[in-house]
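Engineer: Residues per chain, in single letters:
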Amino acid sequence: MKYLSSLLATAGLVVFFFILSGCNQSGQNTGALSSDVASQVYVPPGQHDEFYAVISGGFSGQMSIYGLPSGRLFRVIPVFSVDAEKGYGFNEETKPLLNTSYGFVPWDDAHHPELSQTNGETDGRWVFINGNNTPRVARVSLRTFETEEIIELPNSGGNHSSPFTTENTEYVVAGTRFSVPIPQKDVTITSYAENFKGALSFIKVDPETGRMEVAFQVLMPGFDYDLAHAGKNNSHGWMFFTSYNTEEQNSLLEVNASQNDKDFIAAINWKKAEEYLAQGKYRELPTSYVHNYWDESTQMAYSETIKTVKVLDPSDCPDMVYFLPTPKSPHGVDVDPTGEYIVGAGKLSTDLTVHSFTKMLKAIDEKNFDGDRYGIPVLNYDAVVAGVVKEGGLGPLHTEFDGKGYAYTSFFISSEVTKWKLGTWEVVDRIPTYYSIGHLMIPGGDSKKPNGKYLVALNKITKDRYLPTGPELTQSAQLIDISGDKMKLLLDFPTVGEPHYAQGIEASKVAPNSMQYYKLDENKHPHATLSENEARVERNGNEVHVYMTTIRSHFAPDNIEGIKVGDKVYFHVTNLEQDFDVPHGFAVMGANNAELLIMPGQTETLYWEPKFEGVFPFYCTDFCSALHQEMQGYIRVSASNANTALRWWTGQAPEM
Amino acid sequence: MKSITLKFILLVLAVASLSACGSDSNSGAPANKPKPKSMLAEEPDPMTNKGIGPIKEVKLDPEVDQELAAKGKEVFEKMCTACHKPTEKFIGPAPKGILERRTPEWVMNMILNPEQMVKEDPIAKKLLMEYNGSPMANQNLTEEEARAVLEYFRTL
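First to last, the sequence lines map onto chains A and B. Here the first sequence is numbered in this note's numbering, starting from 761 and rising by one per residue. Here the second sequence is numbered in this note's numbering, starting from 3 and rising by one per residue.
No lab work stands behind these hints, which were simulated from the structure alone. Check the hints yourself; a few may be wrong.
Heads up, simulated SDA-like pairs for lysine to any residue below, C-alpha to C-alpha not over 20 Å straight-line [unchecked claim]:
(1) B:LYS121 / A:ASP1252
(2) B:LYS127 / B:VAL77
(3) A:LYS1279 / B:LEU130
(4) A:LYS1279 / B:LYS75
(5) B:LYS127 / A:ALA1386
(6) B:LYS52 / B:ASN134
(7) A:LYS1223 / A:GLY1183
(8) B:LYS80 / A:ASP1252
(9) A:LYS1279 / B:ASP63
(10) B:LYS127 / A:LEU1290
(11) B:LYS127 / B:THR144
(12) B:LYS91 / A:PRO1343
(13) B:LYS61 / B:LEU158
(14) B:LYS75 / A:ASN1293
(15) B:LYS128 / A:PRO1254
(16) A:LYS1164 / A:LYS1127
(17) B:LYS128 / A:ALA1386
(18) A:LYS1279 / B:THR50
(19) A:LYS1127 / A:ALA1143
(20) B:LYS58 / B:VAL120
(21) B:LYS80 / A:LYS1213
(22) B:LYS80 / A:GLU1282
(23) A:LYS1213 / A:ASN994
(24) A:LYS1279 / B:PRO48
(25) A:LYS1279 / B:LEU129
(26) B:LYS87 / A:THR1410
(27) B:LYS121 / B:ASN140
(28) B:LYS80 / A:ASP883
(29) B:LYS91 / A:LYS1279
(30) A:LYS1284 / B:GLU76
(31) A:LYS1279 / B:LYS58
(32) B:LYS87 / A:LEU1290
Counterexamples of contact, computed for chain B against chain A with all Cβ distances above 10 Å [stated by the list, open to error]:
(33) VAL60
(34) GLU79
(35) LYS80
(36) GLU107
(37) LYS128
(38) GLU132
(39) PRO137
(40) ARG156
C-beta: ideal position from N, C-alpha, C; glycine also.
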């Protein structure tokens, strides 16, 4: 009996745990496993993550969308680089988005995604991101998760301190990393100090449409402008840019641009700049740059060239720009949620320098200057500094905030995140990262209202963290729980390209507005085919337009004859589906570009040059139904001098 | 004796553990699970079966509303003709004479709720197989539009 009862107790215990673990797998949080790290990042099948993370792809030129806390990858949004998978930059509709003053540029280096804000909080409308190489800023819609606009920046040479936003997305900024001759001219590089200037662009954003225009540029000394952040609350109206290479060197910068003990954070009073603009105190410089925008109604991108830009020179505009001395080649400049503290991360230092906005205004008022550079007043360091975070680590890069009085800074060289307290500047916790963290992200962490639950570390090097894949290894993100006193590592996940910078937002601000399909009723594409009855082929000289439709699971027309070698064929394919998650693909043999991937209700165009006589198949590339494998067709190509009649059909061939 | 008791207790506990999790419906399967019944056993009368969906009751006026039918024709031509020809079998069946074979509620539910219909309605399930698994696309018509299409079908 004793034996039986102990057996029963054991069996009961086993089943008890079975119940617990069984329920946990089906989504019930019992609390019993709350100490288990895995359960904190586990999002059960069919359930949604709490946050979206928007992570830049760096040299991939793209931006990717992840869920947090799971670290699951949902979508890679093509922005600055062509993406054959989605036909982006290959189909006729999206090609103009990649137009620049240098022509079609199919790649860029995408660094910093920045969410739009209203009243200093993320509003889930758009994400802006900078292209560093051929200086550009893009705007991506968080309704369609598509790139809607790309604007090139004149007078710039590497758009790095960008595209940081003001409290109500009045402006996103674009400061040049590389100073260049303005206007461009053929001069010796050794004339750097004399001829090179740095342009800080303020891009006005239309509050309704998001449409961007370069409102003005501030013409600055030829330093390297690295990162930026806008003021908040009392400091709203100011934008802060870090600079390095205040030595104005043009070669071996790794040594020559690290000479000065202090470089500068440039504080730009953009409300003052607006006044000078209104007073006409600008110069209108001739230039040439390209603005590309997507029109949702016609489902096409358009490109325009702009010929002038308004430039404000600080020497004509007193009280518009001040320099805050900041040790040593600062990278990040981050403004706390109250707007009072401006944190400079001197990347060659061990300390962080925190400036006070109140003290800055006082120093300006009292003209407490340490001389000037090119007529721009340099504020007295001791008069503006609020505190120094001592020995936080090695190589501080970037700081975000949790809204609970703490700041978190990434340290690249010592490969760690340090948590410190605003006001007392004491370090309270630190956690290693694997390895070599660049930027970090807390959802809303650079806004007035951070959500201090998770922190994401964006690491440059992974070494032994994953299965090896030859010489090139994945880069990674790490999810850290910051809800308690001690930071806790929860998860590693690999990233697409190099994760330079990221933003996070509550899913509830974005998911309800996510578009399900394009309404056929609203499709004003000039080559749309809105019903299968209108499917047709038109010839105009050697240009052939195929007006094609798709629905599960056939093309109309799916047989085409009368095409000739040397024709220029445009397949305008309209997806007639009006339901969620039913895209169709279109691929034709020998196409020199890519496929089309057409969302429900959308029209896309693929250009095709038939090169040889014969009969060539085309088919749907996106598994659409049980009869997807039957979704195919043929196009007959005749000799250029043949008399083959132009005809097309689906099902029954028409009489000859 | 011991082993019988033990087996019984384990069984009870196992059932308890199952039911403890039973309240959780989000285990990956769709919320509405088709019941594994024989198709023959539940073959309903197509002239009384109203199908599954938002439409519970449609009252047809003996007179066809020509204005509504004209509107329905317009919707049909735009949204449906990629798969349906009015009077002959195409990708899907022809709607001509549909009300001699189905209830008006069934027709509208098939238009408005095709995903659930082809999974759960015995007639729609059979049709899906008859048409080689070609799905009835949900074209997201409004109830008003579906009603107009039904009126148009009466004119065929």
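Engineer: Compare the structure with the hints numbered earlier in the document and write down the numbers of the violated ones, lowest to highest.
Structural biologist: 1, 2, 3, 6, 7, 8, 9, 10, 11, 12, 15, 16, 18, 21, 23, 24, 25, 28, 29, 31, 34, 35, 39
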